[in-house]
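Visitor: The residues making up each chain are set out below.
2 protein chains.
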Amino acid sequence: MFQLIKKNILQKSNIQDHEMDRFTKMLKTEYLNKNDFFVKQGEYAKKIAFVNKGLLLAYTLNDKGNRRVAQIALDGYWTTDLFSFYSGKPSLFTIQAQEDCELFVLNKSSFNDVCSSILGIEKFFRLLAEEAYVYALNRIVNAYDKNALERYQALLQEQANINQRVKQKDIASYLGIEPQSLSRIINSKL
Amino acid sequence: MFQLIKKNILQKSNIQDHEMDRFTKMLKTEYLNKNDFFVKQGEYAKKIAFVNKGLLLAYTLNDKGNRRVAQIALDGYWTTDLFSFYSGKPSLFTIQAQEDCELFVLNKSSFNDVCSSILGIEKFFRLLAEEAYVYALNRIVNAYDKNALERYQALLQEQANINQRVKQKDIASYLGIEPQSLSRIINSKL
DNA sequence: CGTCTATTTGAATGTACTCAAAAGCGGTGG
DNA sequence: CCACCGCTTTTGAGTACATTCAAATAGACG
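The listed protein sequences correspond, in order, to chains Y and G.
So that you can map any letter, position 61 of the first sequence is 61 in my numbering, and since no number is skipped, the others follow by simple counting.
Just add 1000 to wherever you are in the second sequence, counting from 1, and you've got my numbering.
Hints are computed from structural coordinates only; laboratory data are not their basis.
Hints may contain errors.
Cβ-Cβ distance ranges computed for the label pairs, FRET-style [said to hold, decoys possible]: (1) Asn163/Y <-> Gly1065/G: 31 to 37 Å; (2) Lys1006/G <-> Gln16/Y: 53 to 59 Å; (3) Tyr1044/G <-> Ile162/Y: 39 to 45 Å; (4) Tyr1044/G <-> Thr24/Y: 33 to 39 Å.
This structure is a prediction, so every number in the text was calculated from the model and none was measured.
The beta-carbon is built from N, C-alpha and C at its ideal position, and this holds for glycine as well.
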């Protein structure tokens, strides 16, 4: 049941078996149906989720009322509105299931508990956040220095099968372009 | 001597006085002259620095050989090439002093030591990374949904005096535009 | 003072956007 | 089971914001 999350954690931090067991006992399994919300923009993110199976998108509504996809969370990813989760302020993003999902969830107090009481878990989440930051910083640089085609190709390189699971318009949004533009890019490459 | 860094840490994590003393004893003070390098792209980031005084820029060279400024580190900021520091691989960014700097520095083993041995320091760095990630994610969304003028205004809002310390061309680079464009933006607002 | 770099200004260009509409696809109900 | 409806993707034409190339001016540093 917990193979994926255990593997995920052990990649970054050495956790003893008995500590890992204590950790997994704190997890609550939650199921979301396609289009269900994990958190809505403006509400409060009280939980953090490991995606054991499924797919969620984190997006904001921009000035024109369109989605801007900030994050694509596939199996093996952690997701929440981190700003809200950790500041207690309203969420900046809506996080919505794009497929039926199986999540392992920690609420805020469980999260704080496991961080402070289980040796190695706080370190795991530090490394997770650092890695996410490194990745985000590179997205910023690419947003400015790469054109839409290059960004699309780079994404396919990382996540070869993403266009089989994520709608083209959502990939476009994630890449910072309009769906029409991505369509043109894809159909003019020949 | 350590007021600024103590304040910085206590904002995120409760650290006992004696632990804080142990922590500050691990710090090495380093001075950089203007234009000195903290780390160069392609080399190895072996240290992480708290900027007690001064200003550094982190940038990469893009395909055309131009700087792309990814990060502006003023007094009170932490900086390093986090990717290199934590993976041991070559740096993606060059970090260079733009003013004479006073830094408090930890090498990798000191950093790992203080994280694992001082209660609250690992938590501090987790929260620091999480906050940086949240900030970066918002920069991505703004890169895509705001135009150059809006991004410039938002930056001035956050860091009102940044244009007195950072060259216009470096601000332009940080905002993802060419120096000519920022010049036009500034001089056509009237 | 002279040189090098930064900033400003001009004109032409290009990438992606906007508005618009057609075609394709998928789910739902008659 | 097929017809319909809504949403996604494609395609076209005109537009806009920022870029590129170019050159002049201003400013900083030795």
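Visitor: For every hint, state whether the structure bears it out.
Guide: Do the hints match the structure? See the list:
no. : hint                               : verdict
1   : Asn163/Y <-> Gly1065/G: 31 to 37 Å : holds, 33 Å
2   : Lys1006/G <-> Gln16/Y: 53 to 59 Å  : violated, 33 Å
3   : Tyr1044/G <-> Ile162/Y: 39 to 45 Å : violated, 32 Å
4   : Tyr1044/G <-> Thr24/Y: 33 to 39 Å  : holds, 36 Å
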